[in-house]
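Quick note, the sequences are listed as chains A and B, same order. Heads up, the first sequence is in the working numbering, so the first residue is 1 and it goes up one at a time. Heads up, the second sequence is in the working numbering, so the first residue is 1001 and it goes up one at a time.
Hints are computed from structural coordinates only; laboratory data are not their basis. It is possible that part of the hints are untrue.
[Stated by the list, open to error] Heads up, incomplete: computed chain A residues facing chain B, CB under 7 Å, no partners named:
1) Ser44
2) Asn45
3) Leu85
4) Asn131
Just so it is clear, the structure is predicted and the values come from calculations on it, not from any experiment. Backbone N, C-alpha and C define an ideal beta-carbon position, used for all residues, glycine too.
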Amino acid sequence: MKFTYIIIILLLINPSLYSQENSSNELSIQVGLSSSSIKDLRLSNRKFRSWSPKYAIGYVKSNDNRISSFRMQFSKINSSDGGLLSLMTIRPEIYYSYERKVKDGIWLGGFFDNNTLLNFPTNTSSVFNSNPISYTIAQSIGPRVSYLKSLDNNKINLRTSAQVSLLSYVVQPAFGHPYPSQFLEEGKFNPTREGMAWPLTKSGKIATVNKFNSFRVELGFFYHINNSLKIGVDYNLNIQYANTRGKSTYISNHDIFLGATYIH
Amino acid sequence: MIYIFITLAFTISCSQNIDNDNSPSEIYEEFWTWVDQNYIYFDLKEVDWEEVKIKNAALINENTTEDDLFQIMESSLLELRDGHNRLQRKGQSARNHNFKEGYEIHFDLDVIKQEYVVDSLGADGYLYWAMLEDEVGYVNLSDFNRYRAFRSVFEQMHARSVSKLIIDMRSNGGGDSNAVPELLSVLVKEKTALGAYTEKSGPEHNDVTTPIRIFSEPDPDFYFDIPVVVLIDRGSYSATSYFAAMIKGLDNVTLIGQVTGGGGGGNSGFQFSNGWLIAVSVSDFYDKNGVSIEAGVEPDIYIENTKEDIDNGVDKMLETAINY
Chain A
1 MKFTYIIIIL LLINPSLYSQ ENSSNELSIQ VGLSSSSIKD LRLSNRKFRS
51 WSPKYAIGYV KSNDNRISSF RMQFSKINSS DGGLLSLMTI RPEIYYSYER
101 KVKDGIWLGG FFDNNTLLNF PTNTSSVFNS NPISYTIAQS IGPRVSYLKS
151 LDNNKINLRT SAQVSLLSYV VQPAFGHPYP SQFLEEGKFN PTREGMAWPL
201 TKSGKIATVN KFNSFRVELG FFYHINNSLK IGVDYNLNIQ YANTRGKSTY
251 ISNHDIFLGA TYIH
Chain B
1001 MIYIFITLAF TISCSQNIDN DNSPSEIYEE FWTWVDQNYI YFDLKEVDWE
1051 EVKIKNAALI NENTTEDDLF QIMESSLLEL RDGHNRLQRK GQSARNHNFK
1101 EGYEIHFDLD VIKQEYVVDS LGADGYLYWA MLEDEVGYVN LSDFNRYRAF
1151 RSVFEQMHAR SVSKLIIDMR SNGGGDSNAV PELLSVLVKE KTALGAYTEK
1201 SGPEHNDVTT PIRIFSEPDP DFYFDIPVVV LIDRGSYSAT SYFAAMIKGL
1251 DNVTLIGQVT GGGGGGNSGF QFSNGWLIAV SVSDFYDKNG VSIEAGVEPD
1301 IYIENTKEDI DNGVDKMLET AINY
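Extracted from the complex, chain B is given alone in its bound form (with noise of 0.2 Å):
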């Protein structure tokens, strides 16, 4: 008996190849089926994937060469309109979707440190922190990784008993959005809803978890009471986008400027049979009224700057800030 079990061991072990050898249309049915069974946005963005496959698989052939299935694979994924979907392979990344397309973005953290700070404070990592006229505070984050600081910022600015808090998220293009309900607790007095996090339960469109909200409970040791406001173009994506959907609507916060860039895709990689590599949204964040943040967070007071204002040296936008 132990013979047989033996037997039937290595026959099993070894019936399972290696899949690298597949065709191009191979590639691209399996490319199609991990998207189809693992992306989250196929009905909020009302893209027809069924579609998008009649209409690039036809493309494939046997002549097909790598090159050739890697950019229709890269139409394929920009056709879901989604900067976080990636495709790669050795020695190149796909495109990925200009979310920034169709929007003026004119922000340059020199013209506010030249022509509106009076009293430069500190800078660690992507944190910069100063003084402006009237008392009024302003701290930078140009990148949602390195700001632990963030937190002794508020304790500084109240310490020195500013007028208002001016956060500047223009541009910053996102990165590790998991302390954002801690970083808030300076800002909330009882434990308050942020949003609402879902994603992927299973290969169908519609399996997602039931929304689960995520809260912020108060900092026992400090409360933020000055008025805050949040400065936000449509290059504030991903994490950024997140912390503008968690910090809109709490007391004393106004969000000034564009939408943001969106991004509420948290993505998933995988890689394919023949060594390519790709990742999709495979969950969603849901502002505090239950909309998805992946098209981007409006502001309450909708400004831009243009090329002139910031070549002139101002920041129309900035200014709304300080006198909002």
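Extracted from the complex, chain A is given alone in its bound form (with noise of 0.2 Å):
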């Protein structure tokens, strides 16, 4: 993990992918509202859908032919299902993509993201006393396309883009309790839960498509106030279907924000 992000900041930071004319740099902040679909079947077999605020900011370092950007974003989600659960969903996600220009218009790339998903029913019953959070956590790889266009002598940028997973790294609970596969061996267990982070980091499954799948669309509008900031919506699809270990979890979200970028 810490080797995939050294090669993303050197990626980020080699002067000579950008050299040519045209590079620029952008740091973007963005504020949005999230609408989130979550069934978790570690937790239950309804689906669980609430409004949430979504924050991201975003780098985006690009020339004539290549672009790369790095993304975070993060959103806390409660949501309740009007009865007995309510659940409260922390998302931390990460992202970085490399694309290169292909024909006008049209850039070809991949994707490397981090994405996790943690569910923690907060109800009052003392029935997930015993499993009190339901964790999934991605590294995925796959394909990105994006389309770019600008209007009006460069004033408006439309941008869409897509990408899919096709090989991830999924940690996953074991079935019982939610303690990580790899905790659960003679000599690591421990029934403190103490020493829980190096065997939950290895406890995960390469998995391809059948097993874990992320889908995710953005469609963007941006209007430059100046040479140097211009403020724009985003809109953001994200579907994520993961299940190495015999219980699935799904979350789709359909996200619009409003941000601002600064660009030099």
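Grab the two chains, each in its own frame, and use the hints to assemble them into the complex.
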């Protein structure tokens, strides 16, 4: 994992990739609303729907032929089925993508992401005392395609992107209690649940699309106020399904972001 | 291509509907299947779960009300004879299996305080400790949730050079057993296996993890080298059964009383599509001999009080522990 992040950082700061003219760096901050739909078969056979605030920061480095972007998103979702169970969902997401222009407006590349889904039953029932969390932690790679269009002498930018995961490393709990499977080995298991971090990291499984799939579509509209500032609205659709241990988790998000981007 | 992706994504997104309009038969099937895939004790208890389904599903028809269905599911769950299993709907909890049925359980801490205690030393949460006659130390834990002072009680009793320490776990219905191995570190001289843990690893009845042994490491600063007697009864359940199984067989330790209530399973909760909640045992704990504690932990010396004993201010079980 550390190695992967080092590569990402090196790619981002590598000046040789962006030495051509018209290169730019963009830093954006976005605030938005997310409509989520969650079904976690470790906890419930019902789907939980909710609106929640969502926050994102992004950094894009581009020139005429290449775009690399780094984006972090965070949301905390409180949802209820109106009955006995409520869920609190914590969802940090980190994306890195790299694309090259293949022809006018069309960009093709790949992405790497780290996607965490933590579901906590928050009702007062003691039914969930022994399984107070359900987690899905995935790192994925896959192809990404974008269509970029500029209008009105580059005052307006339109962007459409789609990406789908092909190969993932997914950490989900073992079948019974929410212990990582590596933790359930002699010499490692500690009933006080201490020392779970490393077994948790190691207990993941390599998964392809039949066990884990994540699909993401982004639509963006941006208006340049001046040479160093643009504002815009982003719509993202993200669907994720994971089932590496016999109990699946599913989440879909429709996100609308408003944001400002500083360009230099 | 992008627009094909978007259309596909919306189609997938919208095709997942909330399933809360299921018929009673479908809800029962969901209940039965979830228990079938998650409950750990079918083999140990020799329960034919298929038979339970045949018997109970036959009671469901188009006129079955929610109340009827709840009772049918409650009856099905009671067939598993497991006090950890639970079923809840809004405003109602199903009856739990009564693991005390058929046992005489008579215990009253006030009788001990009035008739046996010579010096009350302290109380903290669910913990009470005192001195009895003949320099016998006494500690009572009535719940396994607030017992942080337990270790300091060992230290106090050791400092007073008690002749023995009686740990009274009678009618302690359990709580959090996670800290028990650490607690017992003052009673072991070397790394000691206390038992083993296993849990469900898949949907088949025999899909369980290889039992993992749980150890206690000796406390480097303190060893309690004084005889310990643990009092247990049928009301000692769940985490208290874990405690009894873990402490049984350690040097200087004797268990006196009745077989505990068992409750070796740790449960896991779930919500059905109609909103009702369930929890069943998905893990088990084995004693040092590899025997599940679900049916209870046997004492080394069996004795029980009668109602008359307690009414007359006599605790025969405690007296046996004092005189042992």
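inquiry  = Tell me the hint numbers this structure goes against, listed in increasing order.
reply    = none
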